Amino acid sequence: MAVPLIEIDRLSQDFPSGRGQVNNVVKEVSFSVERPETICILGPSGCGKSTILRVVSGMRDRWVAMPTSGEVRIDGAPVHAPHPKVLTVFQRPVLKAWLDVRGNITLPFRAGLWGKGVSSEERAKRVEEVIEAVGLGDARRLYPKQLSGGMKQRVSLAARLVLRPGILCLDEPFSALDPETRLEMHRLVLGLWQRFPCVALFVTHDVSEALRLADRIIVLSTRPATVVMDVSLVEPKPRSDAWMRSAESVDLEQRIITRIREATARERGPGTVRVGV
Amino acid sequence: MNARYVALPASGPLARALPPLGVVAFLLVWWIITASGVVNRAFIPTPGETLGALLDMFRDGIDRRGNSAFWDSSAIADGWASIARVAKAVFWASLVGIPIGIVMGAFGRVEAFLRWVVFPLKTAPIIAFIPVFMTIWGVDEKMKVGFLFFGTVVYMIPLTFDAIRGVPEEYVDAAVDFGFTPVGTLWHFLIPAAWPRIFEAIKVCTGIAWTYLVAAEIVNVTTGLGRVIFDARRFQNAPRVWAGILLILAIGVLTDQALGAVRRRFFNWEA
Chain A
3 MAVPLIEIDR LSQDFPSGRG QVNNVVKEVS FSVERPETIC ILGPSGCGKS TILRVVSGMR
63 DRWVAMPTSG EVRIDGAPVH APHPKVLTVF QRPVLKAWLD VRGNITLPFR AGLWGKGVSS
123 EERAKRVEEV IEAVGLGDAR RLYPKQLSGG MKQRVSLAAR LVLRPGILCL DEPFSALDPE
183 TRLEMHRLVL GLWQRFPCVA LFVTHDVSEA LRLADRIIVL STRPATVVMD VSLVEPKPRS
243 DAWMRSAESV DLEQRIITRI REATARERGP GTVRVGV
Chain B
38 MNARYVALPA SGPLARALPP LGVVAFLLVW WIITASGVVN RAFIPTPGET LGALLDMFRD
98 GIDRRGNSAF WDSSAIADGW ASIARVAKAV FWASLVGIPI GIVMGAFGRV EAFLRWVVFP
158 LKTAPIIAFI PVFMTIWGVD EKMKVGFLFF GTVVYMIPLT FDAIRGVPEE YVDAAVDFGF
218 TPVGTLWHFL IPAAWPRIFE AIKVCTGIAW TYLVAAEIVN VTTGLGRVIF DARRFQNAPR
278 VWAGILLILA IGVLTDQALG AVRRRFFNWE A
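Sequence lines, in order, name chains A and B. With my numbering, letter number 255 in the first sequence gets 257, and the count goes up by one each step, no holes. With my numbering, letter number 226 in the second sequence gets 263, and the count goes up by one each step, no holes.
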């Protein structure tokens, strides 16, 4: 069998929480990704979903070694540093306020990891293409101050897609948007993923968002995060509102919610915090 | 009843009227306590006397041939000497202090190495160091600028440091994720993001330089508004002392307005 694109192998992460106590945030999470598909990592707020993404993208916490144990492998090689194949779209779109939309999307090419070997004509071509693709054609000269939340997140997405990442991590990218804008963004990313195929690791705490976007949903428990469910969805995308209301979808949603509740009930207790190292 | 909001600037016609009203009220209080004889007018002159002395400062210029000359008046000639000193000092303090602050802000090890040496200096009694500056720079112009430089650079470093550390960590996260090197992160993310606050630091340091100015200029008195005030005090000319103070305040306000305009024009991305 071929080497998986991403392999997360018994990943655990502890954070010190003062007075020698250890906060066990992620516990023995394992899964692997074999083909370019959209994987929604679903779990309650603060369960360690973002931590998993940080490890996948090779970003360290400032103070704590990551990961505590276990390993993430991309194309069979363990990840220790920012990976030249992985990019992250953060929950808060961090736009460079001193650059206009086009400047924000062009800036990433200045990083050695991605910019090398891309000619300036190629860069300009890609920037134009991606600006059109995210629907910011009329806004390319605007500054971040002048943009709405949804438009900012489009710029943030574009600034990643312009580099053609093999793996795109999205850390609750739309959770700060209103429901209408969120649906609009869902339609947008589905189109974008067809145009720029990649593995998308999409972290969310919104079950319906996962049902709309995912080819596969990995459900995590509350802290410490463990995988409680791993399910593939065969319904083709984009998924209609009718499908979202269908028995199949509603049933799946209920199963997911029940699993999270069960796991929460099981984990609540003195065993969740380990004392001493 | 209308909802009333706090922590907002005033608006409407009252907003325009209030600042001048405040000045008028201040002048009124000043006039009452001096004209009524509550305080000795040898120490605090009336607003009228002070204003007269201020106008005199623009008229007391005499050129080499003994004719009255506006450009040689103490307000203009000494004012310019003082402005030049403050500008030079702030320029050098920025040139030295901003890079140090940026490097300390960006690199934790540099910060750790320097913090106990550099940060306490801002509470150092700079005036007590004047003899040291005199041995380094003599008693002339260099020493005066050097003194002001030292007095401001000790604020410039921590303020720049704070500006860099105040950049939201998401910027650094994004830069690291894109694979920027530390220097690239600094150049493309941290410094531009911190610029508005670094510029604010320059503004604050200009104000601090003005507060130290008189102390710098009364050593080997030559030129400057410090000289004007010092001489006037020696001859117990209280109105002229106060006029000198007013002139420094006015220059300070104008400088603040000018730097504020520059900031709004060029570094307007921070809300």
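Please note: incorrect hints may appear among the correct ones.
Claimed, not checked - A short list of chain B residues far from chain A (calculated; beta carbon distances all over 10 Å):
no.	residue
1	V61
2	G74
3	A149
4	V213
As the list claims (entries may be wrong) - Only part of the chain B face toward chain A is listed, based on derived beta-carbon distances under 10 Å:
no.	residue
5	P205
6	A212
7	F215
8	G216
9	F217
10	T218
11	W224
12	H225
13	F226
14	P229
15	W232
16	N305
17	W306
No lab work stands behind these hints, which were simulated from the structure alone. The structure presented is a predicted model; accordingly, all values stated were derived computationally and were not measured. Every residue, glycine too, gets a C-beta built ideally from N, C-alpha and C.
Beyond 10 Å from every chain A Cβ - status for B/V61: Holds, because the least Cβ-Cβ distance between B/V61 and chain A comes to about 38 Å, which exceeds 10 Å.
Measuring from the C-beta of B/P229 to each C-beta in chain A, is the shortest one below 10 Å? 5 Å, holds
For the hint on B/G216, does the least C-beta distance to chain A fall short of 10 Å? Cβ of B/G216 sits 3 Å from chain A, so the hint holds.
Let's test the interface hint: is any C-beta of chain A closer than 10 Å to that of B/W306? 4 Å, holds
Can the hint on B/P205 be confirmed by a CB-to-CB distance to chain A that is less than 10 Å? 7 Å, holds
Tell me if B/N305 is really an interface residue toward chain A, meaning its C-beta lies closer than 10 Å to one of theirs. For B/N305, the interface hint holds, since the closest Cβ of chain A sits about 8 Å away, which is under 10 Å.
Taking the least C-beta to C-beta distance, is B/W224 closer than 10 Å to chain A? Interface hint status for B/W224: holds (9 Å vs cutoff 10 Å).
Would you check whether B/F215 satisfies its interface hint, that is, whether its CB is within less than 10 Å of any CB in chain A? Status holds, d = 4 Å.
Just want to verify: B/G74 was marked as not at the interface with chain A; is every Cβ pair farther apart than 10 Å? Given a closest Cβ separation of 57 Å, the condition holds.
Report holds or violated for the interface hint on B/H225, using the least CB-CB distance to chain A and a cut-off of 10 Å. 6 Å, holds
Given B/W232 as an interface hint, is the shortest Cβ-Cβ distance to chain A below 10 Å? 7 Å, holds
Minimum Cβ distance from B/A149 to chain A greater than 10 Å, as the annotation requires: Fine: 14 Å to the nearest Cβ keeps B/A149 off the interface.
In the structure shown, a violation is registered for the earlier hint numbered 4 alone.
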